[in-house]
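Between the sequences and the hints, there should be enough to build the whole structure, so can you do that?
Read off the chains here:
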Amino acid sequence: MPELGRKGFGLLSILGVLLLWELICRAGLVNVSLLPPPSQIAPALWKILASGSFLVPLGQTLGMLLIGYTIACVAGVALGLLMGCSDYLYGLLEPLVEVIRPIPKPALIPAMVVFLGIGAGMKITMVALAALFPVLINTLQGVRGVDPVLLATARTLGCSRLETIRKIILPASLPMVLIGMRVSLSMGLVLVILAEMLAAESGIGFLILDLQRSFQVRPMYAWIAILAAVGLGLNVLFEMVEDRAVPWRAK
Amino acid sequence: MLSMKKINRMVLIATFTALATAASAQTVRVNYIPITDVTPLFVAIDKGYFAAEGLTIVPTPSVGGAAGVPGLMAGAFDVMYGNVVSTMLAQQQGFKLEVIAAGTKQFENPVNTNGLVARQGDSIKTGKDLEGKTVAVNTRNGIIWLFARAWIAKSGGDPAKVTFKEVPFPQMLDALRGKQIDAAFMVNPFFNAAVTDAKDFQLVAAPYREVQPDVEVGHYISTQDYFAKNKETLVKYGRAFRKGVQWYNANLRDPDLVRIISGFTKMQPDLVAKLDLQRLPEVVNLGSVATTVKLMKDNGMITDDIDLAAMTDPNALK
Amino acid sequence: MTIAASLTRGELTAKAPVRRMLFGELARTRLSGAILIALLLLLWEVSAARGWIVSDNWPRFSAVLVAAYRGLLSGELAEILGATMYRMLAGYAVGCILGVLFGLLLGSNRILDWTIRPLIEIQRTLPSPAIIPPLILFLGVDDTLKIFIIMLAVFPPVFVNTYGGVRGLDETLLLTARTFGLSRFDTLRKIVLPATLPAMTAGMRIALSLALIMAVIGEMISGASGVGNYLMSMQYAMRADSMYAAVICLAAAGYLLNRIFLVLERAVLHWHHSTRME
Numbered sequence: 001m002p003e004l005g006r007k008g009f010g011l012l013s014i015l016g017v018l019l020l021w022e023l024i025c026r027a028g029l030v031n032v033s034l035l036p037p038p039s040q041i042a043p044a045l046w047k048i049l050a051s052g053s054f055l056v057p058l059g060q061t062l063g064m065l066l067i068g069y070t071i072a073c074v075a076g077v078a079l080g081l082l083m084g085c086s087d088y089l090y091g092l093l094e095p096l097v098e099v100i101r102p103i104p105k106p107a108l109i110p111a112m113v114v115f116l117g118i119g120a121g122m123k124i125t126m127v128a129l130a131a132l133f134p135v136l137i138n139t140l141q142g143v144r145g146v147d148p149v150l151l152a153t154a155r156t157l158g159c160s161r162l163e164t165i166r167k168i169i170l171p172a173s174l175p176m177v178l179i180g181m182r183v184s185l186s187m188g189l190v191l192v193i194l195a196e197m198l199a200a201e202s203g204i205g206f207l208i209l210d211l212q213r214s215f216q217v218r219p220m221y222a223w224i225a226i227l228a229a230v231g232l233g234l235n236v237l238f239e240m241v242e243d244r245a246v247p248w249r250a251k
Numbered sequence: 252m253l254s255m256k257k258i259n260r261m262v263l264i265a266t267f268t269a270l271a272t273a274a275s276a277q278t279v280r281v282n283y284i285p286i287t288d289v290t291p292l293f294v295a296i297d298k299g300y301f302a303a304e305g306l307t308i309v310p311t312p313s314v315g316g317a318a319g320v321p322g323l324m325a326g327a328f329d330v331m332y333g334n335v336v337s338t339m340l341a342q343q344q345g346f347k348l349e350v351i352a353a354g355t356k357q358f359e360n361p362v363n364t365n366g367l368v369a370r371q372g373d374s375i376k377t378g379k380d381l382e383g384k385t386v387a388v389n390t391r392n393g394i395i396w397l398f399a400r401a402w403i404a405k406s407g408g409d410p411a412k413v414t415f416k417e418v419p420f421p422q423m424l425d426a427l428r429g430k431q432i433d434a435a436f437m438v439n440p441f442f443n444a445a446v447t448d449a450k451d452f453q454l455v456a457a458p459y460r461e462v463q464p465d466v467e468v469g470h471y472i473s474t475q476d477y478f479a480k481n482k483e484t485l486v487k488y489g490r491a492f493r494k495g496v497q498w499y500n501a502n503l504r505d506p507d508l509v510r511i512i513s514g515f516t517k518m519q520p521d522l523v524a525k526l527d528l529q530r531l532p533e534v535v536n537l538g539s540v541a542t543t544v545k546l547m548k549d550n551g552m553i554t555d556d557i558d559l560a561a562m563t564d565p566n567a568l569k
Numbered sequence: 570m571t572i573a574a575s576l577t578r579g580e581l582t583a584k585a586p587v588r589r590m591l592f593g594e595l596a597r598t599r600l601s602g603a604i605l606i607a608l609l610l611l612l613w614e615v616s617a618a619r620g621w622i623v624s625d626n627w628p629r630f631s632a633v634l635v636a637a638y639r640g641l642l643s644g645e646l647a648e649i650l651g652a653t654m655y656r657m658l659a660g661y662a663v664g665c666i667l668g669v670l671f672g673l674l675l676g677s678n679r680i681l682d683w684t685i686r687p688l689i690e691i692q693r694t695l696p697s698p699a700i701i702p703p704l705i706l707f708l709g710v711d712d713t714l715k716i717f718i719i720m721l722a723v724f725p726p727v728f729v730n731t732y733g734g735v736r737g738l739d740e741t742l743l744l745t746a747r748t749f750g751l752s753r754f755d756t757l758r759k760i761v762l763p764a765t766l767p768a769m770t771a772g773m774r775i776a777l778s779l780a781l782i783m784a785v786i787g788e789m790i791s792g793a794s795g796v797g798n799y800l801m802s803m804q805y806a807m808r809a810d811s812m813y814a815a816v817i818c819l820a821a822a823g824y825l826l827n828r829i830f831l832v833l834e835r836a837v838l839h840w841h842h843s844t845r846m847e
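Protein sequences appear in the order of chains A, B and C.
Sequential numbering of the first sequence, starting at 1, is according to the working numbering.
Sequential numbering of the second sequence, starting at 252, is according to the working numbering.
Sequential numbering of the third sequence, starting at 570, is according to the working numbering.
Since the hints were made in silico from the structure, they are not lab data.
Watch out, some of these pointers could steer you wrong.
Unchecked claim - Just the calculated beta-carbon pair ranges, DEER-fashion: (1) R639(C) - Q344(B): 43 to 49 Å; (2) L605(C) - A501(B): 53 to 59 Å; (3) I24(A) - D555(B): 26 to 32 Å; (4) V246(A) - I606(C): 32 to 38 Å.
Glycine included, every Cβ here is placed at the ideal spot set by N, Cα and C.
Written out as structure tokens, the structure is:
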């Protein structure tokens, strides 16, 4: 089974890296109080998982991500569609989008705090703002890239604007939209963690920073491992959804 | 008549002297937070005290970040200004640090340069009034958090019933105005901005002064490793730095000082002129540090005792 | 015109006339967008001047402009932008080179693909800010750390796109190469590389904005120079006007970088137009 073989290789290489890490620590090549070996991180990880203390921070981080991401996707697709179908709206909004896009969103925190305060609302807005752009731009690109022949056919058949959007434009641009949503997912996760590091008192990002500040290095790495698993898990989930949504797309 | 032998000897002596002088031009990398507390460092640089000892200082700033002790341990710099609580926490975790100079001390100062601020009109007078409310601190598990809790306890409240929120200093006033927090433990220049705006804000208390009047808030540390290998350099450093402290203490209203402070904090000179500067200590007092460490223990921040004398440079004590 | 330009770049020539007409219209209608921005800035100015919004962190827009003017004149803004750019480009270059290298290698060799790609997937899905605290413990807080973080952010998109480009290669091209007896290296150089170029540059373009963002973020968390550090220190010095001035310069720099990249990309791809896949 080539599939199994592939996964087997993957697992082996991960184990190999862990082994190398362990050996490097044992050999004394790194300062163990700064980089503990996996054998010391594993007990800390086990403690966090077994005690269930991972649930609350995980829930908080994922919660903020989910809300911000959903807002970003809905707004991104909606705006992308609108801008893609209406030249006027495109002209109106494109400069604004291009101006805000290159600004690293954490640079906007002081302004956002003035208007939205320091709570979850501000952080969710920041996540949504950052995740908005990949979806928006990809949707735009997808809509604009729809084959004009299809559009002409729709017109000939007498489809209304709404019908054209629903039956032709949306399905045709779906692959691009999904690419944008996938990029937005990673971006959203990065921003949730960042927001938690810069202005929060809970969540995985905050924990990692807090543990580093109080030099509890082993739990810190344990949480990073949890975060890595979360990132991978989200990606796998996304791929599963993607496969269902666009099964006709050749891999 | 100069013989070949004599010339050779002279060349040899000249070379040795040159090498010796070059070797003594030591570089010390110092990490600092751009607050007025570290002004003596820049006074000493500006007035040439370090240069007179043959030292070149390379200062690098870090603003409220994850840097600091981790950077010190990673060897990114040799000396850093940090707060006492953070140092003790690191020491507890097994990081071997050495206190090499005194930093900031809350002397009996008639004017406050930091404190708990609340909105004008809210009746918050004691720790009890803060129960069920939210207090902003810059970082949890830091000295500000510790003393906020200690003050609440001392003034009749239960710190466990108070919610503490981490808010960066520049955002504290906004959060206070927006009613997301009820009080904030602020430092300059933000503290100054708050208390001079009597229409919107009121001073509730000065926790440092009320809990431990002689508290040592900040100090300069290095690693025990660096200390062991560079004793001579640190002696010279200490001498030059102390001269900086003395000049600073003697010239608190000097416009030259405004220039220096404006230079490294990037604050506008007119803002600097408005701030009340406080005297800074020349020596470390182990007794007051011990009191703070006990406070840390009482608040569950550390569990074991810390041998303060073993981690402090004797030169910093006298 | 970044979005519009990026749209047209990859399209079939059959759509070109439609695009050109749209261009003309767009040039006119973008005026409304500029007016919108101007109105928003006016709102900013009035809200601060009239006291609708009171905060040290909400200065008048005119004050921001003054600060920007002073900052540019004194060279302060140029200096911090320069520092950020230097780090950004260093991290970008390393990230791109590694991304292309790994993309090409893993795309063509199955064993390497199976062994190394899972590790790359883990790195890709782990948010980079989470790695900063442990990295500080090793790399300290100077340029090495920041360049490393930038590289970590640049690598995934370049890799993914290059890899995808290699995997999407037409089998016939590779068979032809083998028929002609081309060596492995020559195949790579003469067939694979030119054919994957569009995918590569797409990845590099995405990575460009990521590089700038990570450069600034790295400086905000552990900086001593550069824009990110300036943003933080202006906050602590209660100089919000200078801070916003720097944000505007940052936006302008990001926009310019994108434009320059598009021009370069068009030039490079134009040259390889004949070998492009569709």
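Checked hints:
Look at R639(C) against Q344(B): about 45 Å separates their beta carbons, and that is inside 43 to 49 Å. Between L605(C) and A501(B) the CB atoms are about 58 Å apart, so this pair conforms to the stated range of 53 to 59 Å. Checked against the hint of 26 to 32 Å, the C-beta distance between I24(A) and D555(B) comes to roughly 30 Å, which is consistent with it. Between V246(A) and I606(C) the beta carbon distance is about 36 Å. The supplied range of 32 to 38 Å therefore holds.
Checked against the numbered hints listed earlier, the structure breaks none of them; every hint is satisfied.
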